[in-house]
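Just so you know, the sequence shown maps onto residues 1 to 296 in the UniProt record's numbering.
Take these hints with a grain of salt, some might be off.
To be verified - No farther apart than 30 Å at their CA atoms in a straight line, the calculated lysine-lysine pairs in the DSBU-like style are these:
(1) Lys174 with Lys188
(2) Lys154 with Lys178
(3) Lys154 with Lys140
(4) Lys140 with Lys192
(5) Lys112 with Lys89
(6) Lys188 with Lys178
(7) Lys231 with Lys189
(8) Lys126 with Lys136
(9) Lys98 with Lys112
(10) Lys133 with Lys145
(11) Lys178 with Lys190
(12) Lys169 with Lys192
(13) Lys145 with Lys174
(14) Lys174 with Lys189
(15) Lys169 with Lys154
(16) Lys126 with Lys140
(17) Lys190 with Lys231
(18) Lys178 with Lys189
(19) Lys101 with Lys89
(20) Lys174 with Lys158
(21) Lys158 with Lys169
(22) Lys178 with Lys192
(23) Lys158 with Lys140
(24) Lys249 with Lys188
(25) Lys80 with Lys98
(26) Lys89 with Lys76
(27) Lys158 with Lys145
(28) Lys136 with Lys154
(29) Lys112 with Lys126
(30) Lys101 with Lys112
(31) Lys126 with Lys145
(32) Lys243 with Lys231
Said to hold, decoys possible - Ranges between beta-carbon positions, derived for each pair:
(33) Lys76 with Ile102: 36 to 44 Å
(34) Val128 with Ser93: 45 to 53 Å
(35) Asp86 with Thr122: 52 to 60 Å
(36) Asp182 with Ile142: 54 to 62 Å
(37) Lys112 with Leu72: 52 to 60 Å
(38) Lys189 with Ser165: 57 to 65 Å
(39) Asn125 with Lys145: 48 to 56 Å
(40) Asp234 with Asp182: 30 to 38 Å
Derived by calculation from the structure, the hints in this document are not laboratory data. By construction, the Cβ of each residue, glycine as well, lies at the ideal position given by its N, Cα and C atoms.
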Amino acid sequence: MTRSPHELRFQIEQMKRKIEELERRSEDRISYLTEEKNFWNSIKSGNDEETINKQYKQLEASYLQYASNIELDNNKEISKYNFHIDELKNDISQEEAKNAKIVTENIDLGSKIDQLQGEYNTLINKYVFLRPKFEKLLSKVIQTKVQSHTSQIKNIDKITNSLSSLEEKLNREKLQIKDECDFYHENKKKIKQAEDIVKRLEDALLDISDLPEFSAPEPSDLINNPDLIIKFVDNVEQHVRTKAEEREKKLSKNNRSVAATMSESRKSPLSKDVAKVICEVGHKVVDLSNEYSSVC
Numbered sequence: 001m002t003r004s005p006h007e008l009r010f011q012i013e014q015m016k017r018k019i020e021e022l023e024r025r026s027e028d029r030i031s032y033l034t035e036e037k038n039f040w041n042s043i044k045s046g047n048d049e050e051t052i053n054k055q056y057k058q059l060e061a062s063y064l065q066y067a068s069n070i071e072l073d074n075n076k077e078i079s080k081y082n083f084h085i086d087e088l089k090n091d092i093s094q095e096e097a098k099n100a101k102i103v104t105e106n107i108d109l110g111s112k113i114d115q116l117q118g119e120y121n122t123l124i125n126k127y128v129f130l131r132p133k134f135e136k137l138l139s140k141v142i143q144t145k146v147q148s149h150t151s152q153i154k155n156i157d158k159i160t161n162s163l164s165s166l167e168e169k170l171n172r173e174k175l176q177i178k179d180e181c182d183f184y185h186e187n188k189k190k191i192k193q194a195e196d197i198v199k200r201l202e203d204a205l206l207d208i209s210d211l212p213e214f215s216a217p218e219p220s221d222l223i224n225n226p227d228l229i230i231k232f233v234d235n236v237e238q239h240v241r242t243k244a245e246e247r248e249k250k251l252s253k254n255n256r257s258v259a260a261t262m263s264e265s266r267k268s269p270l271s272k273d274v275a276k277v278i279c280e281v282g283h284k285v286v287d288l289s290n291e292y293s294s295v296c
């Protein structure tokens, strides 16, 4: 048991007083023994009666002092032990009071424990009674949650598949739009080339002074109607042949020389530049017509 510093100091002081008492007792005993020794030595030495009586009185006084001190010390020890016994009795009384209080508290605690044990048993019974219902309800909740999660996973899979399909469709549409854009730009480029050729054709046609005005189509008509250019070329050739025949007849009537007549008749119906432009326009128009047909 751990002791407090106050208790330790108290015990140390007690031990010091005990040591002092023992030392004082030793001194008294030594003094008594010395007187006793001197008395017996005096007797052995054959001293006179007066000297022996003197030694005896000294021995008696030393013995009385020694006995008195012993009795005093014993009374002190008895008083101290009695005081200590009273303290112990007081402590015992206090401990018994504490024990009685503890017993009362233990009885109260026992009652509370019994009450709690009864409540615990009641709860156990309720738990045993409610556990099957709880497990059934928990199983149902878990099953519902699993079904819900399974349904959600299926919906997520459907959405994922739909997104994948939409993504593929979007990619295809992107490629299609890109192809259409490329086709549009290529056609735009070809149309621009055709418009340039038609413009050149129009400029070349202006050089033919004897071509009737009603037979000259618009450039846009030539692009939108590929057959028109064929018809137009046929009309031009027919007109040129007619003019050539008229020139030949006129030359024949005027009796021109055969060389001049042959030279006149061998003239080309159209100039080489005009014929070249017409051929280029025909090829471009045919190509455009084929491309529009494939797109449609």
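Hint check:
no. : hint                           : result
1   : Lys174 with Lys188             : holds, 20 Å
2   : Lys154 with Lys178             : violated, 35 Å
3   : Lys154 with Lys140             : holds, 21 Å
4   : Lys140 with Lys192             : violated, 75 Å
5   : Lys112 with Lys89              : violated, 34 Å
6   : Lys188 with Lys178             : holds, 15 Å
7   : Lys231 with Lys189             : holds, 26 Å
8   : Lys126 with Lys136             : holds, 16 Å
9   : Lys98 with Lys112              : holds, 20 Å
10  : Lys133 with Lys145             : holds, 18 Å
11  : Lys178 with Lys190             : holds, 18 Å
12  : Lys169 with Lys192             : violated, 33 Å
13  : Lys145 with Lys174             : violated, 42 Å
14  : Lys174 with Lys189             : holds, 22 Å
15  : Lys169 with Lys154             : holds, 22 Å
16  : Lys126 with Lys140             : holds, 21 Å
17  : Lys190 with Lys231             : holds, 22 Å
18  : Lys178 with Lys189             : holds, 16 Å
19  : Lys101 with Lys89              : holds, 18 Å
20  : Lys174 with Lys158             : holds, 23 Å
21  : Lys158 with Lys169             : holds, 16 Å
22  : Lys178 with Lys192             : holds, 21 Å
23  : Lys158 with Lys140             : holds, 27 Å
24  : Lys249 with Lys188             : violated, 48 Å
25  : Lys80 with Lys98               : holds, 26 Å
26  : Lys89 with Lys76               : holds, 20 Å
27  : Lys158 with Lys145             : holds, 20 Å
28  : Lys136 with Lys154             : holds, 27 Å
29  : Lys112 with Lys126             : holds, 21 Å
30  : Lys101 with Lys112             : holds, 16 Å
31  : Lys126 with Lys145             : holds, 27 Å
32  : Lys243 with Lys231             : holds, 18 Å
33  : Lys76 with Ile102: 36 to 44 Å  : holds, 38 Å
34  : Val128 with Ser93: 45 to 53 Å  : holds, 51 Å
35  : Asp86 with Thr122: 52 to 60 Å  : holds, 54 Å
36  : Asp182 with Ile142: 54 to 62 Å : holds, 58 Å
37  : Lys112 with Leu72: 52 to 60 Å  : holds, 59 Å
38  : Lys189 with Ser165: 57 to 65 Å : violated, 35 Å
39  : Asn125 with Lys145: 48 to 56 Å : violated, 30 Å
40  : Asp234 with Asp182: 30 to 38 Å : holds, 36 Å
Of the hints listed earlier, those the structure fails to meet are numbers 2, 4, 5, 12, 13, 24, 38 and 39, in rising order.
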